[in-house]
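As they're listed, the protein sequences go chains A and B.
Read in order, the letters of the first sequence are residues 1471 to 1628 in the numbering used here.
Read in order, the letters of the second sequence are residues -16 to 138 in the numbering used here.
Be aware that one or more of the hints could be misleading.
[Unchecked claim] Negatives, chain B to chain A, calculated, CB over 10 Å:
hint, residue
1, Glu41
2, Asn69
3, Gly112
4, Leu117
5, Lys120
[Claimed, not checked] No farther apart than 25 Å at their CA atoms in a straight line, the calculated lysine to any residue pairs in the SDA-like style are these:
hint, chain 1, residue 1, chain 2, residue 2
6, B, Lys95, A, Ala1586
7, B, Lys120, B, Asp24
8, B, Lys66, B, Gly112
9, A, Lys1582, B, Leu117
Just so you know, the hints here were simulated from the structure itself, not pulled from any lab data.
Since this is a predicted model, take the numbers as computed values, not measurements.
Think of the CB as a built atom: it goes at the ideal place given N, C-alpha and C, for glycine as much as any other residue.
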Amino acid sequence: MRSSLSILSRAAQSSRRRISSQLRPTSVVQSRAMSSSPAESSSSAGRTRSPTRLPGPVETAIQQKILDAFQPVLLRVYNDSSKHAHHSAMRAQGGGNGETHFAIHLVSPLFKGKTAIARHRMVNALLKEEFDERGLHALSLRLKTPEEWEKEGGGEMR
Amino acid sequence: MSFARLGLRTLRSLPSAQVSRSTNFLAQRRYLSAEARKLIDNAVSTNPLVVFMKGTPEAPQCGFSRAVCQILDVQGVPREQIKSYNCLEDQELREGIKEYSEWPTIPQVYIKGEFVGGCDILLSMHQSGELENLLIKEGLAPELPPDEPAAETKA
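Next up, chain B with everything else stripped away, as it sits in the complex (with noise of 0.2 Å):
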């Protein structure tokens, strides 16, 4: 086992606040340089709303992906909010985005520079009403007209 993956592993163990800090220059050393790094820190805390996908919203290339399009569709998110990268045409981004997040899949949702999650938890963030309180308070979404039932709210 290497030095650096051992460390690896003992980070892991951390919170993740934690690592996140402290794993920044050895995610540098796999893939992401710190370029490439600057690069997604600007497009998540530049746009409101940021999808790193397969595919567009308009086409999709991945299951997963077009399912947080859809809920995002469902919720009134106007497309134009959206500003989402297709991970497909960016290698480098397909693995920084990864490291970035310390997440190991795609789709991978930012609302206002912080990480939601993936397609599962958006999805069951969608069921629980969780995400269309996010997605108003925001201001990404319309509100609800009155005379439909608001969801239920998660304290």
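Next comes chain A alone, as it looks inside the complex (with noise of 0.2 Å):
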């Protein structure tokens, strides 16, 4: 419980944000200064279903097995959780924990030459443990190529 604290507040800022591959080393770490907002307190207090926009420890989880293993161009991973919150195999376990639902939008160089279903299967396979034992239970994935995304422009994908 206290290490997946730690790693909530160093990760503690916007989940929509933008890591090119030149900052993975520090992106998640210069974030540490900004673990004493107002936001964090209350996210220790009710964790379990945190209204604010602070990464909870499976999408923190997430983002880093992601950031370590894809070298990604872009990464942006969405909590949708609260919007399904509602659904029945939410509601038996009483909603969810607030980190069942997410949305990843990745560019990686290693997806090249890959059918769409092994590049769903690498992301995957990479998250089984958040499938298996943290209470993941939807994940929509939109993986592209460093190529294929720039000829759409390069932006931010839908």
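Relying on the hints, combine the two individually framed chains into one complex.
The structure is reproduced here in structure tokens:
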């Protein structure tokens, strides 16, 4: 619990962030300075269903694993859990833990020459622990190579 | 880390075709009984289009399942061509299908016994025109009337 909280505060920055590969080592750590924001205290009190945009432990783990594994050119992790908390499956778990539904937009050179299914499998395999043991329930993926992404204008993915 | 988990982790790094063969026995130990596997095998091989979903096409219980049904509707696939299984009614199927396809989420779409993908993949295939080509090729959707612009084909 304690260790996951410290990860939480370290990554306490907007989850809508653009991470360029050059920033990789620092982007997560630099945000430590923001950890004393008032939002954090509320999140540590009611971390199970945090209404803030602070990334929770699962989101942080997703980001870190993808950063480590995929050399992302663009990475966005969106927590859509609140939109799904009323679903029957989530109600059965008391609305879920607030980290059940995510959307990931990822541009990585590792997808070159891979089919859509193969790309999804790569990400799913990386996040197996989150699926099996940490309550991850739904994952919406947009996975592109840098070339495909640039061809589409290189902006945000929809 | 248990031996089985270590083994699984190793297997995950292998090509998926190899993995699905070699993890059969592991999968069975977890959720998927040999019997359930046979039932799923049978379902995907005897029906040209199978959707494992939450709820039914008439009353989907999950937005992703709903999206898949809507895509198939828009593609002009007749409802009677769609064989759907409601995973919410069958806990063994719900977990078993994830093992069977080595895919952690529902919905899952099979066309002619081949796993096509989940909601994201169906949607992107729909947008690229790939899905239309596949459905027409397999005789699941009617050909477009000639006056409508055909979706671009992807080689």
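Results of checking the hints against the structure:
No Cβ of chain A comes within 10 Å of the Cβ of B:Glu41; the nearest lies about 16 Å off, and the non-interface call holds. In this structure B:Asn69 is separated from chain A by more than 10 Å, as the shortest Cβ-Cβ distance comes to about 12 Å. Look at B:Gly112: its CB is around 14 Å from the nearest CB on chain A, clear of 10 Å, so calling it non-interface holds up. Non-interface call for B:Leu117 relative to chain A: holds, since the shortest CB-CB distance, roughly 13 Å, exceeds 10 Å.
At roughly 17 Å, the least C-beta separation between B:Lys120 and chain A is larger than 10 Å, which holds for a residue marked as non-interface. With a C-alpha separation of about 18 Å, the suggested pair B:Lys95 and A:Ala1586 falls inside the 25 Å cut-off, and the hint holds. With a CA separation close to 22 Å, the supplied pair B:Lys120 and B:Asp24 stays within the 25 Å bound. With a C-alpha separation of about 22 Å, the suggested pair B:Lys66 and B:Gly112 falls inside the 25 Å cut-off, and the hint holds.
For the hint pairing A:Lys1582 with B:Leu117, the CA-to-CA distance comes to about 23 Å; that is within 25 Å, so the pair holds.
This entry satisfies every hint, going by the numbered hints stated previously.
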